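Chemist: Work out the full structure: start from the sequences and follow the hints.
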Amino acid sequence: MSSIDNTDILIIGGGPAGLKAALSAADQGARATLVERDPHLGGQLIKQTHMFFGSKEQYASERGFKIAETLSLAVTNHPNIRVLSNTTALGYYEDKAIALEVDKRFFVVKPEALILAAGAQENTLMFPNCDLPGIYGAGAVQTLMNVHGVVPGERVAMVGAGNIGVIVSYQLLQAGIKVPAIIEAMPHIGAYHVHASKVRRMGVPIYTSHTVLAAHGRDCLEKITFAEIDHNRQTVSGSEKELEVDVLCIAVGLTPLTEILFQAGCKMVYITEFGGHVALRNETLETSIKNVFVAGDAGGIEEASSAMVEGSIAGLTAAANLGHGLDSYAVKLSEAQKELANLRRGPTGEKTRSGLQRLSLAGEVAS
Amino acid sequence: MTLEKNGIPTPAQLAVIKPSKERLAKGPVVLVECFQKIPCDPCYSACKRGGFLPFEDINDLPQMDYDKCNGCGICIGACPGLAIFVIDETYSEQEALLTIPWEFLPVPDEGSTVQGLNRSGEPVAPVKVVKVRPSAKKNGAMIISLAVPKELADDIRSIRVKD
Ligand code: SF4
Ligand code: SF4
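First to last, the sequence lines map onto chains A and B. Going by our numbering, the first sequence opens with residue 12, and the numbers climb by one from there. Going by our numbering, the second sequence opens with residue 639, and the numbers climb by one from there.
Among the hints, a few may not be true.
Claimed, not checked - Have a look at the derived ranges for each label pair, beta carbon to beta carbon:
(1) B:Pro764 / A:Val162: 26 to 34 Å
(2) A:Lys121 / B:Ser683: 25 to 33 Å
(3) A:Met197 / B:Leu790: 51 to 59 Å
(4) B:Arg771 / A:Tyr104: 53 to 61 Å
(5) A:Ser365 / B:Leu743: 39 to 47 Å
(6) B:Pro744 / A:Tyr104: 54 to 62 Å
(7) A:Ala352 / B:Gln651: 23 to 31 Å
(8) A:Glu270 / B:Asp747: 49 to 57 Å
Stated by the list, open to error - The calculated DSSO-like cross-link candidates involving lysine-lysine, where the alpha carbons are at most 27 Å apart (straight line), are:
(9) B:Lys706 / A:Lys67
(10) B:Lys656 / B:Lys643
(11) A:Lys77 / B:Lys686
(12) A:Lys77 / B:Lys664
(13) A:Lys67 / B:Lys766
(14) A:Lys252 / B:Lys643
(15) B:Lys766 / B:Lys664
(16) B:Lys766 / A:Lys189
(17) A:Lys107 / A:Lys301
(18) A:Lys67 / B:Lys664
Unchecked claim - Residues on chain B that point at chain A, a partial pick, calculated with CB under 10 Å:
(19) Leu641
(20) Gly645
(21) Gly665
(22) Phe673
(23) Pro677
(24) Ser683
(25) Ala684
(26) Gly688
(27) Gly715
(28) Ala716
(29) Cys717
(30) Ala721
(31) Asp726
(32) Ser730
(33) Asn777
(34) Ala779
No lab work stands behind these hints: they were computed from the structure. Bear in mind that the values here come from a model prediction, so they are computed numbers and not experimental data. Quick reminder that beta carbons are idealized off the backbone N, C-alpha and C, glycines included.
Modeler: Right under this line is the structure:
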């Protein structure tokens, strides 16, 4: 096992949060190493063909993959940043050592500071025959279509009318695939309504208060049964419908990826609004362990725009903790925190605000 | 049924964003079908004429000054929600010119006839493609102007180029 030690800050995850964390830390003069499991930087951004929301600061009206290109280029060209792609962070060991694996070779890094920006994993859904070929997570469908250029099937039913379910439905339509239904268990659409309207006017019906009862097929998916549910989540009898589809795409939420933080011994707490266990942290995203930070979906499921701003906050602060960029730190931090508060201020930020409130209560109990 | 249940704005919501009869009679003007407070404001940054009033909070709904808007359509391609349209009721005796964003292939040819769809994606009438241009944002979106029957100008919001 060899070791790499010429780094101040190790950033795990090359998605929107990790890219911004690396850039903002490196701009302050810190040396950063960015670890990404995939061959490309950009994380989920590279699969996003739709225009982004937010404001100019978060690249609004640009398409996700373009934002990935812009940020990756800046990171790759930055003299203070080293990128380790195709590299997996395996674990956090004693002495604050982090083990990395690339091509079956193992390395140990001992950074002064760590920023975990590993993102999230998709949730699944249980129903009879839910393991039939043809049933995919939304992330897999996006990877097939938008990374490899392969259509997943001909007729796709989508489960989940949150932003991911509705956006992936739109991308399927753009690829020339039929989407005969979006099925959502909640009584209302979770996605931004403008997204919902844009798939609706392409003829996609959205069934709120509905759930998938079963999948059918001999060797692969041929048909699904779905039905209306009441407010106790009981099937409304007589509302069962059958739909012939060769793909069922599941977009029922994400869970933060936090193993490294558990291993590091960060104080963790379960926050429903954030999609699972997350690390307690202060307003600069530093966890209960000094110089260990979390940013983006790994700290609670939210939008890419806020993940980018969180990345900046963690990067700036990690750099400042190590003595870099102290002159400009206070100003840059307060700008970023203001930006983040703005993004979360409206009704769609309600869930995040309530999650943050529970997090801070949990923090008071813990301290 | 409501927008949050089926994705279709209600007549009451649409009435609120409709410019006055007098303004509509003066020529092309913007229609902003954005009814939910979300953290988003590129429409405001895109318009250089003051058609959108400044956002106090990025979550505000767009507020319009229809007298400043000349219907240029630049904001259409900047809206990630594809929620902005331009209507010109003075186009001809029988027809209005409706301008919509379009992110699908094929891109229809100018002069061709395509199927006009309503907000549920149902076909309502054949419409003529008058003009096709790329979005001023150069983000790949196309901006398409359609000659639509006047009485259907409030219904048609999309097209089907081929079956
Ligand atoms: S159509 Fe042109 S003038 Fe009118 S609001 Fe949009 S950008 Fe401004
Ligand atoms: S850009 Fe579009 S979605 Fe965003 S606030 Fe303006 S009208 Fe609404």
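Chemist: Against the 27 Å threshold, does the CA-CA distance of lysine 107 of chain A and lysine 301 of chain A hold or violate the hint?
Modeler: holds, 11 Å
Chemist: Take the C-alpha atoms of lysine 252 of chain A and lysine 643 of chain B, compute the straight-line distance between them, and say whether it is at most 27 Å.
Modeler: holds, 19 Å
Chemist: Hint check: lysine 67 of chain A vs lysine 664 of chain B, CA-CA at most 27 Å. Holds or violated?
Modeler: violated, 32 Å
Chemist: Min Cβ distance, glycine 688 of chain B to chain A: is it shorter than 10 Å?
Modeler: Violated: closest Cβ of chain A sits about 18 Å from glycine 688 of chain B, beyond 10 Å.
Chemist: Assuming the hint says 25 to 33 Å, is it satisfied by the Cβ distance from lysine 121 of chain A to serine 683 of chain B or not?
Modeler: violated, 45 Å
Chemist: Please verify that hint: alanine 779 of chain B, Cβ, nearest Cβ of chain A, below 10 Å or not.
Modeler: holds, 7 Å
Chemist: Have a go at the alanine 716 of chain B hint: is there a Cβ in chain A nearer than 10 Å to its own Cβ?
Modeler: The hint holds - alanine 716 of chain B has a Cβ within 10 Å of chain A, the shortest such distance being about 5 Å.
Chemist: Can the suggested window of 39 to 47 Å be confirmed for the beta-carbon pair serine 365 of chain A and leucine 743 of chain B?
Modeler: holds, 42 Å
Chemist: Would the hint on leucine 641 of chain B be counted as holding, given a Cβ-Cβ threshold of 10 Å to chain A?
Modeler: holds, 5 Å
Chemist: Does serine 683 of chain B meet its interface restraint, that is, does its C-beta lie within less than 10 Å of any C-beta in chain A?
Modeler: Nearest chain A Cβ about 6 Å off; hint holds.
Chemist: Is the straight-line distance between the alpha-carbon of lysine 77 of chain A and that of lysine 686 of chain B 27 Å or less?
Modeler: Holds. Lysine 77 of chain A to lysine 686 of chain B sits at ~24 Å (cutoff 27 Å).
Chemist: Quick check on a hinted range of 49 to 57 Å for glutamate 270 of chain A and aspartate 747 of chain B, using CB atoms only.
Modeler: Holds, at about 54 Å.
Of the numbered hints given earlier, the model fails hints 2, 3, 12, 13, 18, 21, 26, 31, 32; all others are met.
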